[in-house]
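Participant: Top to bottom, those sequences are chains A and B. Quick note on numbering: numbering that gives the first Met the number 0 labels position 57 of the first sequence as 56, and the sequence is numbered without any gaps. Quick note on numbering: numbering that gives the first Met the number 0 labels position 303 of the second sequence as 302, and the sequence is numbered without any gaps.
Simulated from the structure, these hints should not be mistaken for lab results. Glycine included, each C-beta is placed from N, C-alpha and C at the ideal position. Just so you know, not all the hints are guaranteed correct.
Claimed, not checked - The following label-pair restraints were derived from C-beta to C-beta distances:
no.	chain 1	residue 1	chain 2	residue 2	range
1	A	Arg215	B	Arg298	46 to 54 angstroms
2	A	Ala74	B	Thr40	38 to 46 angstroms
3	A	Ala276	B	Asp83	45 to 53 angstroms
4	A	Ala265	B	Ala53	31 to 39 angstroms
5	A	Ala206	B	Val383	33 to 41 angstroms
6	A	Ala206	B	Asp190	48 to 56 angstroms
What the hints assert, rightly or not - In silico contact screen, one side only, chain A against chain B (beta carbon under 7 angstroms); selected entries:
no.	residue
7	Ala112
8	Ser122
9	Ile131
10	Leu142
11	Thr225
12	Ala239
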Amino acid sequence: MSRVVITGIGAISPAGTEHALTDVMARRPVSGALATLLDADWPESVRSRVARAERVTQLMAGAAGRALATAGWEAPDEQPQRDVGIVVGTAFGCFLSNLTHQQRVRAHGPAGALPRVFAATVSNAAAGEIGIACKLGGPAVTLTAGAASGTSAMLHAAALLDDGAGRALLAGGGEALGARVERWLRDAGLDTHPPTEAAAFVLLETAASAQARGRRSLATVCGGATGFDPQPGTDAALRATLATALAHADVPGNALRVVIRAAPPAFRAAEARALAALVEDADTQVLPLKSQLGETFGAAGGLGVIVALAGLAPGEHALILDVCGTGHLAAMVVRRDDGDWPPLEQLTT
Amino acid sequence: MITGCGVVSPLGRGAAAFFDGLLAGRSAIAPIRRFAADDLTPHMAAEVVGEEFARDAGARAAAFALAATNDALAAAGLASGAIDPARLGIALGTTLGGMDLFEAWEADRRVATTAVESIPYFGPAVTLARQLGARGPVATPQLACASGTYAVAVAARWIERGEADVVVAGGTDLLCRFVVAGFNALKATTDLPRPFDQARRGLALGEGAAVVILESAAHAEARSVAAPVRILGCGAAADAVHMTAPDREGRGAAEAMRAALAAAAIEPGAVDFVSAHGTGTVYNDAMEARAITAVFGRRGVAVNSIKGAIGHTLGAAGAFEAVLCAEAIRRGVIPPTAGLESIDPACADLDVVSGAARPTPVRIALSTSSGFAGANAAIVLGAV
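In isolation and in its complexed conformation, chain B is listed as follows:
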C-alpha cells in the first residue's frame, strides 16, 4: 500500500504542489540557470529551485531524495522510531545521479566530503539508508529511464515476499553539463517538448526526486492507517534491439505492460488511466502509441505525459509517475499533457488528455517507462 508520497520537483516541493502544477498545465521548463549552459544547444530544462539543494558535487541527488523521503514519511505518519529498522528497506533508482562528481573530479573542484556522498550511482540510497537506520534490503535499481518505475516494483516485491514491512521507493536524478551535453549529442533534445504532438522534436531534461512509502497491508492496518492506493502488479521486459532507440513496434514496452497486468490479475479494459513515458521524441511517442494500442485497443484508455511539465527526469521519472497515478486515483482527475496542441496522426489511436484536466474516476492506473539499453518497466496501481 502507498501510505505516503514525497516530491522535490521543478513544479515545487510536495505531492500537492507537483500535482496541482500538473493540473494547471504549468511547465517548469526554462533556460538553465544553475550552471554555465550558454554553449549547450539547446539549453532549456526543468530545474529544481531552492538553496537547500545547492550542494557540493555528489550531494545534490541525495539531498533531493532525502527531502522527498522526509516528506513522504511525514505524510505516512511514520515518525522516526516508528519502523523496526530490520524491516525497513530502501529502493532508490537513478540513471545519472552522481555524474556531477565526474565534472568535479576532472576540474579538481570540491566534492562532497564523506565517503558515502562521493559514491556515484548508489550513494543516494546509502545516504538514505544510513539516515533512516535501515537494516532491511537496500538497492539502487538502474534501468536507465525506467529506474524509478522498477524501484517501486522492487519495493513491492520485497513487501510481497515478506522481506520488509516498509520500503522507501522512488528515484532521483539531477541536471549537470555531463547529462545535458550527452543528450544534446544524441539529437534527442529540444527547447519545448510536445509529447504525442505532430510538431514534437524531442525531450527537455528535468531533475528532482519522488518517493512513495510502500507498506505491507498488515503493517498499515496495525497502526490504523487507511491507504487509498496499492501496487497491484509489476512487469519488465527488454526490447533487445538497440542501445538508445526503442523497438519501433513497441514490443518490449507492450510486454512489460502485459506482464504487469498479468501480475495484477487485471484485464486491460479495467484500467482507467495510463501514465505514458511520453518523452516527446519522434520515435518514443510513436512506439508507445503502438504499444499502448496493442495492449488497450484503439482509444481504449485515457493517457497522459508529464514530461512537457517537468521535463524528463530520467531515473526519477517513473517515481514521479507513481505519485501522479496515486494522486489521480485519490482525487479522481487526470492532468493534461503540457505541450500537446495537435496530436500526431501516428499517435491518434491514443486518447491523450490535453488542454485541460479531465475529472474522471480513476480506480486502476498503469505507469509505463522505457529507457536506454531497451529497458521497459510498468506498474499497476489501484484504489483499495
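Only chain A is shown next, with the shape it has when bound in the complex:
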C-alpha cells in the first residue's frame, strides 16, 4: 500500500475519548450516559442541519467534525470538493428511523408516513448528511459488516485512496441504539458485548496531500484484511485474516506494540489462541476495548485506532481487530508517526 496517513481523529464514546483512553489503557471499566452534543465551532448552517437529523447522524457528525478539526481541514464555502469523501461503517445505522417510520405507518396508515423520516431510513443517511454539511463531493460510501463495519470502512477508504480515488476520506462509523435494537440482539441470540452507542472517525489522507497542507501525520495505515468465519468462533478464518493483514502490512506479529482485541464473549478463546500464535513478544499490550466500552459496532474500529495510537511511540505498530458474532472479521495495522497528538479536549464533545 502506498502511503495513506491519518491526520485527524475524533470520537464520541460513553465517557468521552479522554476517559476511554485513560480508563481503557488502565483496564478500568467505563460507563456513562452518552450525550449528543453539537460542535459549538460549527457554522450555524451546519449546526442547524445536524440538529434536525436522526441521532446516529448527530453522533457521527460530531465525531467526523472533530476528525476534520484536528486535521486542520476547512470545508469550502461554495461547491463540494470532488476529491474528498466519506466512508461510513455501521451495523444498524438507520434503525431508529426505520422504527419510527414503521410505527407511524402502523398507527396512522400510509398517511402517517413522513417524507423527512422516510428519507432517513436508508443506512447511508449519515454519510449523506455529513457530506452535505462538510461539502464532501467525493465517494460517499456506507458499508455494513456487523461489528466489523468500522474497521472494514477504514480499510476500504484506505484502498480507495491507494487506488487514486481522491486525496482524503473521512472513515469510521457509529451507532445509535435503543430498546428495540437491544431486544432484537437478545431475541436473535447474537453473541455480543453489551451494546453501546458511540461514533469515531479518522481523516485518512494521501501522504502527498498531507504534505501539501503542511500536516504531519499522526499515523500511517500499513495494511489490513477483512474475512469471514462461516462457523463463527472457530480459529481458522480468524488466523487467516490476521496473517493476511500482517503480510499485507509487511509487519511481523512480534513487532506489534499494542493489539486491540474484539471478540464477543463466546469467541474469546478462539481469539486468544489466534493471537497467541501471532504475538510472541511479551511486551505486546493486548487491550480488550469492547470489554470496557461495550460493543459499539460501527464505532469500534475508529475507537480502537484512537486508543491504540494513544499508547504508541513514533515508529511503533498496533493491530486493531474487529470480530462479529455473525462471522465478519477485520484487522488493520497502523504505525504511529511523529505528528503531534491533538489535545484531548479537541477530541471530545
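With chain A held as given, fit chain B onto it using these hints.
Facilitator: This is chain B only, laid out in the frame that chain A set:
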C-alpha cells in the same frame, strides 16, 4: 471477469428470461398482490412471482439473493467445492432489504427463526456467506439506490487488489408496505413509470435480486473459462446538496461516470451504451440527461432505462443493470425503454432507445446509479 449471472426478477428467473423480457418491451408492473395494498396510493409495483420466495419476514430478500447466486454459480460452472473458501468473497448491496422485519416486529408476527435471517440490512449477505462457506471479504454496501452498482465496484476492487479470486456481487431488495408507503409519501411514485418521457410522473417500485460472479482473469483462465465481459472501471461521487432530491445539474452523477471512465482508461467516445438510472421521476431524468450529455456529448451514446419494465428495485437496481450490460455486450442488442413514448424536450439531447430493441455491437457499456443522500456510482463493462 464476469463468468456468470443470476437473476430473480419480476420478468422471470434467470438472466435469459430477464433480458428477453426487456427485449420484448414487456412491463411487469401491476397492482400489488402479495400484501394488503388497497390503502396505498398508488399501489402498482413489479413483484416477483413464485411460491419458493413466499418466506417469513426477514427471509425473502435473502431467498431472492440465494436463488440468483445459485443460478449464477451454475452459469459460471463453479460447483460447490470448486472455489477455495478463503478466496471467495460476497458483496451484496441492499437499500431496504430487511424492512419487512419491522412490520413483523410491530405486529408481533412471526419472523425468520434464525439469528442470521432476522438481521436487517446485512442478513442476506451473511446468509449467502454461510451457505457458500465463504472465508474471504464479506460486506453489504449501502448507497441507497446505487448499492447494487457499488457492490459490483467493491467486488472488482477486491479482485484487482488480490483480496479474492471469486466474488459474488449484486443486490437484493423487496417490496413491503414499509417501502411503498414511504415512497408514496415522497410523492415520487406513479402507476406507470415513463423514463425520459415528457408525461413522466414518477417511479414504480420493484423487487428481486441480481448477481454476477466476478472472477480474476487468472482464476478463470486456470479452469479454461472464456468470459466475454469484464469490469473495466468503477467510480463514485456525492451530490452533497440534498438528502432526497438530486443535484439539478447532475454534477455528482457526471463525476461518478467520469471517475469510472478514468479508472477504466476509456474515453467517453468509446462507450457504446449507457444504462441510465432512469427512474421516471421528473428531477432524476432531467438531471441524468444533463449528466450524460456533459460526459458523452449531445446524442453521443445510446441510452436506456429498465425501470419501466421491472420497476425501481432500489439496492438491486444497479446489479440488474450490470446483468443488462453484460447481456447487451454478449448479444449485441440494446433493449428498449419500456414506458417511453414521447421524449421530454429536457431529455432530448439523449439518444434513448425506445419502441423496439436496437441491434448494435456493444463493446463498452456504462451503468450509472444514483440514490438517496446524494450517492452516485458508475461501472464500466467491456468485451474481453
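Participant: Are the hints correct? Go through all of them and say.
Facilitator: Do the hints match the structure? See the list:
1. A/Arg215 <-> B/Arg298: 46 to 54 angstroms: Because 51 angstroms falls inside the window, the suggested range holds.
2. A/Ala74 <-> B/Thr40: 38 to 46 angstroms: holds, 41 angstroms
3. A/Ala276 <-> B/Asp83: 45 to 53 angstroms: Once the Cβ atoms are compared, 21 angstroms apart, the range 45 to 53 angstroms for B/Asp83 and A/Ala276 is violated.
4. A/Ala265 <-> B/Ala53: 31 to 39 angstroms: holds, 34 angstroms
5. A/Ala206 <-> B/Val383: 33 to 41 angstroms: For B/Val383 against A/Ala206, whose Cβ atoms are near 36 angstroms apart, the range 33 to 41 angstroms holds.
6. A/Ala206 <-> B/Asp190: 48 to 56 angstroms: holds, 55 angstroms
7. Ala112: holds, 4 angstroms
8. Ser122: holds, 4 angstroms
9. Ile131: holds, 5 angstroms
10. Leu142: holds, 5 angstroms
11. Thr225: Holds, because the Cβ-Cβ distance from A/Thr225 to chain B comes to roughly 4 angstroms (cut-off 7 angstroms).
12. Ala239: It holds, given that the least Cβ distance between A/Ala239 and chain B is near 6 angstroms, below 7 angstroms.
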